[in-house]
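Visitor: Sequences and hints are given; from them, build the entire structure.
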Amino acid sequence: MSNRLINWFKYASPQSFYPLAGKLIPWFWALAAVFGIAGLYIGFLVAPIDAQQGEGYRIIFLHVPTSWMSMFIYLVMAFWAGLGLAFNTRLSGMMAQALAPTGALMAFLSLWTGALWGKPMWGTWWVWDARLTSELILLFLYIGFIALQAAIDDPRRADKAGAILALVGVVNIPIIYFSVKWWNTLHQGASVSLTKAPSMAQTMLWGMLLCALACWMYSIAVALMRARSIMLERERHTEWVRALLDPQPAGKE
Amino acid sequence: MYWNSFSDFIAMGTHGPYVWGSFGVMALLMILEPWLIARGRKGLIARLKRQFRAERAERNPMDSRRSRN
Amino acid sequence: MLTLVRAVIGRDLRLAMRRQADIVSALFFFIIVVSLFPLGIGPEPDLLRKLAPGVLWVAALLATMLSLPRLFADDHRDGTLEQLALAPQPLGLVVLGKVLAHWLVSGLPLALLAPVLGLQFDLDSEALWVLTGALLIGTPALSGIGAIGAALTLGVRGGGVLLSLLVLPLYIPVLIFGAGAVDATVTGMGPQAHLSLLGALALGGLFFAPWATAAALRIALE
Numbered sequence: 000m001s002n003r004l005i006n007w008f009k010y011a012s013p014q015s016f017y018p019l020a021g022k023l024i025p026w027f028w029a030l031a032a033v034f035g036i037a038g039l040y041i042g043f044l045v046a047p048i049d050a051q052q053g054e055g056y057r058i059i060f061l062h063v064p065t066s067w068m069s070m071f072i073y074l075v076m077a078f079w080a081g082l083g084l085a086f087n088t089r090l091s092g093m094m095a096q097a098l099a100p101t102g103a104l105m106a107f108l109s110l111w112t113g114a115l116w117g118k119p120m121w122g123t124w125w126v127w128d129a130r131l132t133s134e135l136i137l138l139f140l141y142i143g144f145i146a147l148q149a150a151i152d153d154p155r156r157a158d159k160a161g162a163i164l165a166l167v168g169v170v171n172i173p174i175i176y177f178s179v180k181w182w183n184t185l186h187q188g189a190s191v192s193l194t195k196a197p198s199m200a201q202t203m204l205w206g207m208l209l210c211a212l213a214c215w216m217y218s219i220a221v222a223l224m225r226a227r228s229i230m231l232e233r234e235r236h237t238e239w240v241r242a243l244l245d246p247q248p249a250g251k252e
Numbered sequence: 000m001y002w003n004s005f006s007d008f009i010a011m012g013t014h015g016p017y018v019w020g021s022f023g024v025m026a027l028l029m030i031l032e033p034w035l036i037a038r039g040r041k042g043l044i045a046r047l048k049r050q051f052r053a054e055r056a057e058r059n060p061m062d063s064r065r066s067r068n
Numbered sequence: 000m001l002t003l004v005r006a007v008i009g010r011d012l013r014l015a016m017r018r019q020a021d022i023v024s025a026l027f028f029f030i031i032v033v034s035l036f037p038l039g040i041g042p043e044p045d046l047l048r049k050l051a052p053g054v055l056w057v058a059a060l061l062a063t064m065l066s067l068p069r070l071f072a073d074d075h076r077d078g079t080l081e082q083l084a085l086a087p088q089p090l091g092l093v094v095l096g097k098v099l100a101h102w103l104v105s106g107l108p109l110a111l112l113a114p115v116l117g118l119q120f121d122l123d124s125e126a127l128w129v130l131t132g133a134l135l136i137g138t139p140a141l142s143g144i145g146a147i148g149a150a151l152t153l154g155v156r157g158g159g160v161l162l163s164l165l166v167l168p169l170y171i172p173v174l175i176f177g178a179g180a181v182d183a184t185v186t187g188m189g190p191q192a193h194l195s196l197l198g199a200l201a202l203g204g205l206f207f208a209p210w211a212t213a214a215a216l217r218i219a220l221e
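Residue numbers (numbering that gives the first Met the number 0), protein chains in the order written: chain A, 0 to 252; chain B, 0 to 68; chain C, 0 to 221.
What the hints contain is simulated information worked out from the structure, not anything from laboratory work. It is possible that some hints are incorrect.
[Said to hold, decoys possible] Here are the simulated DMTMM-like pairs of lysine to aspartate or glutamate, each with C-alpha atoms no more than 20 Å apart in a straight line:
hint, chain 1, residue 1, chain 2, residue 2
1, B, K41, A, E232
2, B, K48, A, E238
3, C, K49, C, D121
4, A, K118, A, D128
5, B, K48, A, E232
[Claimed, not checked] Derived CB-CB ranges, DEER-like:
hint, chain 1, residue 1, chain 2, residue 2, range
6, C, R48, B, V24, 37 to 45 Å
7, C, D73, B, G15, 55 to 63 Å
8, A, A32, C, D73, 51 to 59 Å
9, C, G187, A, A37, 49 to 57 Å
10, B, G42, C, G9, 52 to 60 Å
11, C, R48, B, P33, 48 to 56 Å
12, A, A37, C, D73, 58 to 66 Å
13, C, Q19, B, R49, 54 to 62 Å
14, C, Q19, A, F86, 44 to 52 Å
15, B, R49, C, F27, 36 to 44 Å
Cβ coordinates follow ideal geometry from the N, Cα and C atoms, glycine included.
Guide: Encoded structure:
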């Protein structure tokens with residue numbers, strides 16, 4: 000038990016996390032590729048046509064996973080941010096910073112695929128539906144986080160300020176979602192029914208789950224890649240980065 | 000296999016542009032993002048290496064000359 | 000505790016009174032933005048009545064945001080903020096006082112001015128009352144949430160634009176319930192539900208925002 004605890008904290012320092020992340024990245028890429036190919040194979044080649052929505056429903060295999068990831072990444076980001084604020088660890092801030100652009104990308108993709116799905120299904124690119132609107136606001140929150148961190152030069156302060164913003168965002172997300180939902184039910188003008196296919200075929204569900212796993216693995220791989228760059232950049236004054244990039248002949252100095 | 004022909008597959012009923020539009024953009028961005036990160040990382044490593052070498056040369060001119068040759 | 004909050008409010012109000020031009024220009028900004036809308040979309044009274052709640056509320060959000068960058072900047076520059084952070088009194092209470100003072104010079108005048116502008120949009124008297132009430136209840140939440148953004152962007156380059164980027168998404172619930180209250184009155188549904196939710200937001204904002212703001216200020220002062 001105590002042994003495991005020590006190992007855990009060992010990887011909390013950038014110096015030992017850097018090589019570990021380097022070793023893990025190819026695995027996550029491989030998993031992302033496997034899950035992605037399997038999910039797309041089921042989604043595009045095995046799953047039958049949807050009775051109501053035609054072939055266009057296949058966008059669901061991209062749309063739902065990206066929506067899930069965009070929300071999940073925000074939670075993970077806020078978790079790291081809170082951890083960094085509470086325990087003052089260097090790594091957590093870097094992870095939060097590394098996750099934000101990927102989360103924003105997922106939110107954007109979710110909106111994009113949603114628009115391309117909505118056009119053939121509902122005849123419009125955009126509806127002010129509660130879910131779409133909340134997703135848009137989530138994208139704004141990501142952009143605010145990225146902009147705040149980019150504007151502050153001192154990385155420690157950037158981490159902490161970003162952490163507070165992320166936590167305030169997490170507290171606000173349910174309020175925002177609730178208010179948007181309320182607003183939407185009051186303003187229900189167009190007779191667009193947004194209920195998604197109620198009974199989903201087994202194969203569709205599998206395809207979607209596999210695609211979601213692929214997105215998950217992709218996000219981890221990309222976030223680790225970005226975290227590694229951030230580590231090098233921020234720790235460039237430390238000995239381990241120097242030893243890594245500029246190895247000295249043994250016995251010198 | 001569910002599709003009759005490849006052109007059927009591309010057409011996606013009548014929804015081809017929508018399906019491939021979302022799929023294409025997603026694929027593009029998912030290739031672009033890691034590529035940008037990898038490129039940024041290469042630039043960063045090159046910059047840091049140059050900086051470290053310069054600092055070492057300042058500290059110890061003999062040593063750096065030997066290791067560069 | 001209360002005396003501390005009152006002292007901070009009194010001090011900030013005195014400082015604000017020395018700079019009346021700031022308050023007045025924020026108010027004129029509000030008036031001008033609201034008056035631009037009819038010029039942009041045309042003078043049909045039906046259309047204007049429908050748009051009025053949203054237009055007035057969006058303009059109010061933007062107008063309260065104008066003065067936010069100044070909320071802590073002056074105290075930060077002359078070192079007062081550092082003194083306050085070192086004082087034994089909790090910084091959160093100081094922030095609460097500053098937030099309330101900010102509301103008194105930005106939110107309150109907006110709320111009192113809004114009915115006059117509502118007349119331009121052909122709102123009836125009941126809707127005007129609700130508009131004033133909603134602004135009175137909702138603008139404290141705007142000051143509270145805005146204070147978090149102001150503290151986070153304190154001393155950051157490009158702070159003003161960044162502040163709006165951070166704060167505006169968080170203003171959305173206030174906007175929805177505030178404009179919704181007026182809208183519900185116009186359509187005859189009654190504003191009570193919206194107003195009570197707005198009140199809950201304002202109370203929650205005034206309760207939690209000062210602590211988040213205080214944490215952000217300590218980071219900025221490090």
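Visitor: Each hint should be assessed against the structure and marked as holding or not.
Guide: Evaluation of the provided hints:
1. K41/B with E232/A: 12 Å, holds
2. K48/B with E238/A: 13 Å, holds
3. K49/C with D121/C: 10 Å, holds
4. K118/A with D128/A: Judged against 20 Å, a Cα distance of about 14 Å means the pair holds.
5. K48/B with E232/A: The given pair, whose Cα atoms are some 12 Å apart, holds under the 20 Å limit.
6. R48/C with V24/B: 37 to 45 Å: 41 Å, holds
7. D73/C with G15/B: 55 to 63 Å: 60 Å, holds
8. A32/A with D73/C: 51 to 59 Å: Cβ of A32/A to Cβ of D73/C: about 56 Å, so the range 51 to 59 Å holds.
9. G187/C with A37/A: 49 to 57 Å: At 56 Å between Cβs, range holds.
10. G42/B with G9/C: 52 to 60 Å: 55 Å, holds
11. R48/C with P33/B: 48 to 56 Å: About 52 Å separates the Cβ atoms of R48/C and P33/B, which means 48 to 56 Å holds.
12. A37/A with D73/C: 58 to 66 Å: Given a distance of about 60 Å, which is inside 58 to 66 Å, the answer is holds.
13. Q19/C with R49/B: 54 to 62 Å: 56 Å, holds
14. Q19/C with F86/A: 44 to 52 Å: Given about 47 Å between the Cβ atoms, the range holds.
15. R49/B with F27/C: 36 to 44 Å: With Cβ atoms ~55 Å apart, the hint is violated.
Checked against the numbered hints listed earlier, the structure breaks hint 15 alone; every other hint is satisfied.
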